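A.B. asks: For reference, the chains in residue letters:
Protein chains: 2
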Amino acid sequence: VTEARVIDWADVEQTEPLPGILRQTIHGDQQSMVRYVYAPGSVFPVHSHPQEQITVVLSGVIAFTVDGKRVVLGPGNVAVIPGGVHHGAIVEGPETVVTINTMSPRRAEDPLSS
Amino acid sequence: VTEARVIDWADVEQTEPLPGILRQTIHGDQQSMVRYVYAPGSVFPVHSHPQEQITVVLSGVIAFTVDGKRVVLGPGNVAVIPGGVHHGAIVEGPETVVTINTMSPRRAEDPLSS
Numbered sequence: 004v005t006e007a008r009v010i011d012w013a014d015v016e017q018t019e020p021l022p023g024i025l026r027q028t029i030h031g032d033q034q035s036m037v038r039y040v041y042a043p044g045s046v047f048p049v050h051s052h053p054q055e056q057i058t059v060v061l062s063g064v065i066a067f068t069v070d071g072k073r074v075v076l077g078p079g080n081v082a083v084i085p086g087g088v089h090h091g092a093i094v095e096g097p098e099t100v101v102t103i104n105t106m107s108p109r110r111a112e113d114p115l116s117s
Numbered sequence: 004v005t006e007a008r009v010i011d012w013a014d015v016e017q018t019e020p021l022p023g024i025l026r027q028t029i030h031g032d033q034q035s036m037v038r039y040v041y042a043p044g045s046v047f048p049v050h051s052h053p054q055e056q057i058t059v060v061l062s063g064v065i066a067f068t069v070d071g072k073r074v075v076l077g078p079g080n081v082a083v084i085p086g087g088v089h090h091g092a093i094v095e096g097p098e099t100v101v102t103i104n105t106m107s108p109r110r111a112e113d114p115l116s117s
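One line per chain: the protein sequences are A and B, in this order.
Read in this note's numbering, the first sequence has 103 at position 100, and its numbers run on one by one without any break.
Read in this note's numbering, the second sequence has 25 at position 22, and its numbers run on one by one without any break.
Simulated from the structure, these hints should not be mistaken for lab results.
You may find that some hints are simply not true.
To be verified - Facing chain A, from chain B, some residues (calculated, C-beta under 8 Å):
1) 6
2) 7
3) 8
4) 9
5) 13
6) 36
7) 59
8) 60
9) 61
10) 84
11) 85
12) 88
13) 103
14) 105
Since the structure is predicted, the reported quantities are computational estimates derived from the model, not experimental observations.
Here a beta-carbon is modelled for each residue, glycine too, at the ideal position from N, C-alpha and C.
Chain A extracted, bound-state conformation (with noise of 0.2 Å):
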């Protein structure tokens, strides 16, 4: 069981687990909450996870596949994505994109399930 706690995004290990995606990932008992930075040009493949996602788009431009859709997200957009349902996602403008996912139940430590 995780107690209560403070971080800082500035001291969560960011990994690359695909060209120009920079990922953080919080874990709690029920949910994960994931940062993602993603660079112009960078794609995230379709895929999908067992796990329900809500994205939150908190600065850029980002063009999302949902279940064969193409939707595109800005700042104040916000994705749910039911578990099972297959996603990506593209950059395709000149501005860097973060988003904040939250993942429920507690995603496992697959570095490409988000």
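Position chain B against the provided structure of chain A, taking the given hints into account.
C.D. replies: Quick look at chain B alone, frame taken from chain A:
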């Protein structure tokens, strides 16, 4: 079961559960995402709920009390609050505060439980 969907925070109903505290909620099946805007001086009294909560501060500075301990959170800070742990918040500074809270399991529609 919810379907995949894209939402703009601007289209989500905003309520004021406490003076100076504006709330918007998006529900998935596994989790609820809550966006709060806190005016300077606003107070969220200490409370608890069975859901695990992860709070991300997007802007402003807010003092949380978590399990009796004071922690001051600013942009880039994240608080992980297990289910059942008492917590509250107060905006002591001059800035409006925006946070995203994720709650899992999905939250019921209790207007004060977050």
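A.B. asks: For every hint, state whether the structure bears it out.
C.D. replies: Now the hints, each set against the structure:
1. Using the Cβ-Cβ criterion of 8 Å, the hint placing residue 6 (chain B) at the interface with chain A is satisfied: the shortest such distance is roughly 7 Å.
2. Taken as an interface hint, residue 7 (chain B) checks out: its beta carbon lies about 5 Å from the nearest beta carbon of chain A, inside 8 Å.
3. Checking residue 8 (chain B) against chain A: minimum C-beta separation of about 5 Å stays under 8 Å; hint holds.
4. Checking residue 9 (chain B) against chain A: minimum C-beta separation of about 5 Å stays under 8 Å; hint holds.
5. With 8 Å as the threshold, the beta carbon of residue 13 (chain B) comes within range of chain A, its nearest partner Cβ sitting at about 6 Å, so the hint holds.
6. Because the beta carbon of residue 36 (chain B) sits about 5 Å from the nearest beta carbon in chain A, less than 8 Å, this interface hint is met.
7. For residue 59 (chain B), the interface hint holds, the least distance from its beta-carbon to any beta-carbon of chain A being 6 Å, beneath 8 Å.
8. With a least beta-carbon distance of about 10 Å to chain A, the hint placing residue 60 (chain B) at the interface is violated under the 8 Å criterion.
9. For residue 61 (chain B), the suggested interface contact is upheld, since its CB lies about 7 Å from the closest CB of chain A, less than 8 Å.
10. Annotation: interface hint on residue 84 (chain B) holds; nearest CB of chain A at approximately 5 Å, less than 8 Å.
11. Because the closest C-beta pair between residue 85 (chain B) and chain A is about 6 Å apart, less than 8 Å, the hint holds.
12. Taken as an interface hint, residue 88 (chain B) checks out: its beta carbon lies about 5 Å from the nearest beta carbon of chain A, inside 8 Å.
13. Restraint check, residue 103 (chain B) versus chain A: the minimum CB separation of about 6 Å is within 8 Å; hint holds.
14. Hint status for residue 105 (chain B) relative to chain A: holds, with the closest Cβ pair at about 4 Å, below 8 Å.
Of the numbered hints given earlier, the model fails hint 8 alone.
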